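Generate the whole structure from the sequences, applying the supplied hints.
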Amino acid sequence: MASLTARTRAILSVLTIVLIVLAGCHSDATNAPPSDGRLATGTWGGDSAGVLVNDTIAHVHVGSTYGDVRGRVPLDAEGRFTAVGSFLLRAYPIAIGPTMPTQFVGRVPGVRAARS
Amino acid sequence: MRTRFTTLLLALALSGCASTARSRGPNADLPRSDARRVAVMAVVDSALGHINSGDLVALSDLMLPEAQFFPAREQAGRGGTYTVRTMAAQRAAGKRAPIIERGYDATVRVAGTIASVWMPYDLWAEGKWSHCGIDLLTLVQVGSTWRIANFTYTVEQPPACRMHPDGVPAGYKAPPQ
Numbered sequence: 001m002a003s004l005t006a007r008t009r010a011i012l013s014v015l016t017i018v019l020i021v022l023a024g025c026h027s028d029a030t031n032a033p034p035s036d037g038r039l040a041t042g043t044w045g046g047d048s049a050g051v052l053v054n055d056t057i058a059h060v061h062v063g064s065t066y067g068d069v070r071g072r073v074p075l076d077a078e079g080r081f082t083a084v085g086s087f088l089l090r091a092y093p094i095a096i097g098p099t100m101p102t103q104f105v106g107r108v109p110g111v112r113a114a115r116s
Numbered sequence: 117m118r119t120r121f122t123t124l125l126l127a128l129a130l131s132g133c134a135s136t137a138r139s140r141g142p143n144a145d146l147p148r149s150d151a152r153r154v155a156v157m158a159v160v161d162s163a164l165g166h167i168n169s170g171d172l173v174a175l176s177d178l179m180l181p182e183a184q185f186f187p188a189r190e191q192a193g194r195g196g197t198y199t200v201r202t203m204a205a206q207r208a209a210g211k212r213a214p215i216i217e218r219g220y221d222a223t224v225r226v227a228g229t230i231a232s233v234w235m236p237y238d239l240w241a242e243g244k245w246s247h248c249g250i251d252l253l254t255l256v257q258v259g260s261t262w263r264i265a266n267f268t269y270t271v272e273q274p275p276a277c278r279m280h281p282d283g284v285p286a287g288y289k290a291p292p293q
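Chains A and B, in that order, are what the protein sequence lines are. Here the numbering used here is used: the first residue of the first sequence is 1, the next is one more, and so on. Here the numbering used here is used: the first residue of the second sequence is 117, the next is one more, and so on.
You may find that some hints are simply not true.
As the list claims (entries may be wrong) - Chain B regions said to be covered by chain A (calculated; three or more residues, Cβ under 8 Å):
1. 156–165
2. 209–221
3. 260–268
4. 280–286
Quick caveat, the hints were computed from the structure, so don't treat them as lab data. Fair warning: this is a prediction, and the values are worked out from it, not measured in the lab. Even glycine gets a Cβ: it sits at the ideal position worked out from N, Cα and C.
In structure tokens:
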């Protein structure tokens, strides 16, 4: 089990340097989604990752893996976000746990969070 | 206790989808890198995950309120038959025992706010092979969220369909030849 953990960490460390570019899929995608200072609800996709965002969770798919962030993800004034969640390295086609604590860091270009 | 975090970088580039939408016709099987395909498959993969864990409430959360399941199969002497399960019935079922359903080689088409996914699958339950077939899903984009409108699937046996390319799952018995 120790070797599996070490291997998992090694693979995940590779993931940390992967830039996953997600693209919004509104019918008019040249417009950024509305932002209330948090990651917009909806289904978003990109070259290698998809995110399902609702009012209670952001569910991130990266290849055959997935992760979850509880709650709405806040954006800073430049559209950046950092969120702590969990990640399952081997999710498909058969889920094999356990999940691992993960920090999701990203940015929504073109979105500036509303500041009151 | 010190907690180790792995950092995953995500950049949400909200202008990428329109250019890919313009460059491919609605009849094209979208490549794996297409943003719309990834978004749609995130929903489909999530649905499979909930099917496998037996969480039918979570599965129904990915569906439109009016959505329906159509299991279709051929029965000796009767030809093609089908049954119907509504989203409400699916939700009321709550939880059931986990299974293994594995989809692969999905064909994904998107036009505007509708999508179709044609995906071969195999299914294992109670420690053994059950069946294989095709999952055919129609999804509709409501606002910015993709939801399953229809989930039709065949229930067949080889050679009409085949096992997932990964082979027999660990701990399971191979299907009878």
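Hint by hint, here is what the structure shows:
1. 156–165: holds (count 8)
2. 209–221: holds (count 4)
3. 260–268: holds (count 3)
4. 280–286: holds (count 3)
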